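Here are the chains, one letter per residue:
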Amino acid sequence: MEISLLHLIVLLPLVTAVMIMVGAPARQLAQGSSVLNAVFGVLLFSLFDRDDAGFQFVASLNVLESPGINFALGVDGLGVVLVLLSVIVMLCAVWQVPKRIEGSEKLYIVSILLIGGGAIGAFATTDLFFFYAFHELALIPTFLMIGIFGHGPDRTSIAWKITIYLGVGSLVLLAGLLWLYQASGVESFDMLTLIEAGKNIDAEAQKWIFLLLIIGFGTLVSLFPFHSWAAPAYAAAPTPVSMLHAGVLKKFGLYGLLRLAVPMLPEGFAAWENLILVLLLGNVIFIGFVTISQRYLDRLLGYSSVMHMGYAFLGMMALNEVGYNGVVLMLFAHGLSVALLFALCGQLRERVPTLEIRELGGVAKAAPFLAVFFGLGAFASIGLPGFANFASEVMIFLAAFKDGLGEDGGITPLQITCIIAVWGVVISAVYMLRAYRNIFQGEREPQEGLLDVAMDQRWPLVLLVAGLVAAGIFPNLILNLLP
Amino acid sequence: MLGVITLLSPLITAAIIALGLRRVPEAASKLSVLSAIVGFVCSLIMLIWSCNPVEPLVWATAGDFSLKIGLLSDDKLAQGMLFIVTFVGLLVHVFSLGYMKDDPGKARYYMGLSLFMFSMTGIVLADNFAMMFIFWELVGVSSYLLIGHWFMKDSAADAANKAFMVNRIGDFGFMAGILLLFAITGSLGFEEIRTAIENSPPAQGLLIVATLCIFCGAVGKSAQFPLHVWLPDAMEGPTPVSALIHAATMVAAGVYMMVRVIFLVEAAPMAGEIIAYIGGGTALLAALMATQQDDIKKVLAYSTLSQLGYMVMAVGLVAKHPGGDYAGHAAFFHLYTHAFFKALLFLGSGAIIYACHHEQNIWKMGGLFRRMPKVAITFAIGTAALMGFPFVTSGFWSKEIILAEAYGTPVLFWIGVGTASLTAFYMTRLFLIVFFGEPRTDHAAHAKDPGAVMTRPLMILAVPSLIAASGLVYKWFGIHPPHHADGHATFILGASIGALIFGVSLGFFLYKGKKKEPIGFALFRDKFYIDEIYIGMVRVCQDGVAYVAKALDQIVVDSLAVLGSARLARGVGNLFRFTQVGNLQGYAFLFGGGVLVAIILLFSFAR
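Note that the protein sequences, when read in sequence, are chains X and H.
Each residue of the first sequence is one higher than the one before, counting from 1 in my numbering.
Each residue of the second sequence is one higher than the one before, counting from 1001 in my numbering.
Be aware that one or more of the hints could be misleading.
Straight-line distance between alpha carbons at most 30 Å, and here's what the computed BS3-like set of lysine-lysine pairs gives [said to hold, decoys possible]:
id	chain 1	residue 1	chain 2	residue 2
1	H	Lys1030	X	Lys365
2	H	Lys1153	X	Lys365
3	H	Lys1106	X	Lys365
4	H	Lys1106	H	Lys1374
5	X	Lys402	H	Lys1068
Here's a subset of chain H near chain X, in silico, CB distances under 10 Å, partners left out [stated by the list, open to error]:
id	residue
6	Phe1164
7	Pro1202
8	Asp1553
Hint data in this document are derived by calculation from the structure and do not stem from the laboratory.
Just so we're clear, the structure is a prediction, and the values are computed from it rather than from any experiment.
The C-beta atom is built at its ideal place from N, Cα and C for all residues, glycine as well.
In isolation and in its complexed conformation, chain X is listed as follows:
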């Protein structure tokens, strides 16, 4: 078997984790390996052949003869974008590990590496078994990190909540995947083979398999009403975990829907179309209002991240290439911007006694870097041009209208949903700018002795902003990859 660049990217974090477990210096090794992996990731991205619509960097190693399980890797345009996102966010997350950790630094850093490595593996494999297993590999340390290193007095119960919630979600997903496998009638876990075979599944079975998958994947991606684990968990989690989970790992749910459910089960998808339209409005509008009423910055960011997932579902619903491209760009943009905001929220948490928005004020006077970069993250998040988020939102909105009016000359349910969802851009501006104004601006004097972000923790944040701006001004950097 050949070793491809993709192997390096998938295995490097895991190997690093093992080395740290057996005694290598945790922090330095993790930092070095995350830089190296980011370089590999960018290399992979630039070597990716943009004219080839199929999977690239393909390599396979047989693990089990029957049923055929292979450690098979390969990325198409969707996969390569998510792998790139993962290595960038992981780099920034590792470098945002606090200087002083109460407890085992080794456990902390190994967990971060496993979350990142698991996410990369899930996006890079083409085998259904490893697709699921890598995600679980990333999920379990997430629970532990919240329980052990999290913030706040109720972190244990929150850790339990997310464990049970996502555990049940994963089980529903597993049931759906197994049913899918069984109904397809093939003897392989190769996702490409499965996608081909999926078209043979009859409509009735498709309908119920799709329901299981939308609940399973939907829970992982905090689709309304399966979202209530997300905001408390992000607020309680250590900063690098919030960055990695909200930025990268959560995208697994949408990735699964785009990769498996939508292409394999077109009739199942059609059967639940109206349901999903209602649920995504739940995300954009209902959760939007819930976000407005949040009093703490960390919860606000958590709910905001849930809210924006509604747009990704909207793009998926359009079922055309504009929507598909829009969703992929949104996953990338949202991943970077939410990681940036959580990183800065973590920085702020170290500096002020409370994250209650009303209690803060005037922070920009003492910490201009923090203020400017939080402002950039907020601008990105509310979808201002120049940032990738804007481009993706515009693509998603246009996608719903690209195929013209409905057959009767009126507007379709999807288009009505889209117009209602556009109101979300007003909602997100309300809560984001209100929070920004209260925390960073105004006459109130900031905390005595409040310091700006340390010099050595700045460059990862600069990198995130640079990524957002690059993909915002030249969205085709990302979009060109997709057939």
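Starting from the structure of chain X, add chain H where the hints point.
Same frame as chain X, but now just chain H:
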């Protein structure tokens, strides 16, 4: 090519300042002024000669669909607007050298100005809705940054937020309109949409909705009722910014956009009717509010609202005279004359505020005519143009055309005449209180004309305030001069001169020699309590709904789901205590166990 230079030079300037010149304010300001000069020269060349078209740039692609950045090249409307933007922009850049001389955030200020010039140029040159929306939002950002320039002040930070939010509401409608038009015509380009609508007229109902949605964008940007509330608050920004963005250019972008898509108004006359009444209503309401303001900038701000109302009314009235090449010229002509004299008035007020040590209350000024003659005379010219002093000022001619358009609709015509009279009244009031009588504070007593860097721009702006309606200018800007041949021209002329005389005399009679407000009409002073009503609405409709949503989220969605899991949690609690020790073996064991279970399940399913 010239268009590209005009567009990109301020962007590059803003980027250089942001990345490298934040601590070198002198260099930042000079670079910014230089880019404004470059933009002005380019636009002047484009206005007089013309420029070669450039290939549109593909911004984003998805399959066979793409969004393009394309610049209009041979378009009189765009060239005229670009000239106004770069001309006023350059003067404001220069004026700011004096006004912002000692400001600690000077580099940031000039970065904001350059960013604004870039965004505004983009709106003007856009040839499709996608590009216009991009720059539309960017203009909003630069306006937010500049209103909030003194963000350490609560009032400035609040004003910046308010401006942004209110504009977002308008943008919601704008986006919806763009999407509807995209669905109806399958295109985003202005020219393509026009052709598509002409060739196969869509259902009238849908087109009216789409046009009104597009108009929502203009209602936000051009601060029309009911979204006018942000503009007076935006006066918290530095005064040169008020002159450039919140008087001459950005707020006119809504009108510019409507003139660009005037074919929509022609195709949907009912939408035009609604637009005209919103414009007329705004003109009248704002003029009434302006009569009782004590802050010099607030008077000018309400006056701007009122004049924008005139323009929007003219846009809507196009539906009454369809088919002519006259379409939209009245609105644009007034936009263009207003840009000059309103920028002049705002910069003049900036000079006064600067000379009076940042005093903005007109009752604390007085007697400035003798002390600041240069400012006073140029301010007088601006005032005359705004009132529409007959024959010699540009404002007179542009107001005439709008009144002529409104002639067939008596309600709007008399609203127009009434507003003209109110305008004359409140400007007379302002001028008498600020420049005549005795100085009412020490600062006013010691005020004097500022340096040349601030007075020269005033003098330069005074010129087009007077002559902007000459034949050469009509030709350059592609504007049709007023129809003097119409039979009712004399009547309109009489009405507007009568309105002027009535307003000025009333103002003179009421305010001559007064030391404090003799009327004190609270309803106008407090802006019909619209702000208070909105605050109440936000409390109920937004924060109230948000509160209910949060409660629902916690009670229904969360509790039900967690109720079961809490019991489960207690049961498995012991296992958790084991993992909480945090040793990796335990964790690895758990994971290995999970995978094992998965594999067993797989086997049992697999045949």
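Hint-by-hint comparison with the structure:
| no. | hint | result |
| --- | --- | --- |
| 1 | H:Lys1030 to X:Lys365 | 26 Å, holds |
| 2 | H:Lys1153 to X:Lys365 | 12 Å, holds |
| 3 | H:Lys1106 to X:Lys365 | 16 Å, holds |
| 4 | H:Lys1106 to H:Lys1374 | 26 Å, holds |
| 5 | X:Lys402 to H:Lys1068 | 15 Å, holds |
| 6 | Phe1164 | 6 Å, holds |
| 7 | Pro1202 | 8 Å, holds |
| 8 | Asp1553 | 5 Å, holds |
Checked against the numbered hints given earlier, the structure satisfies every one of them.
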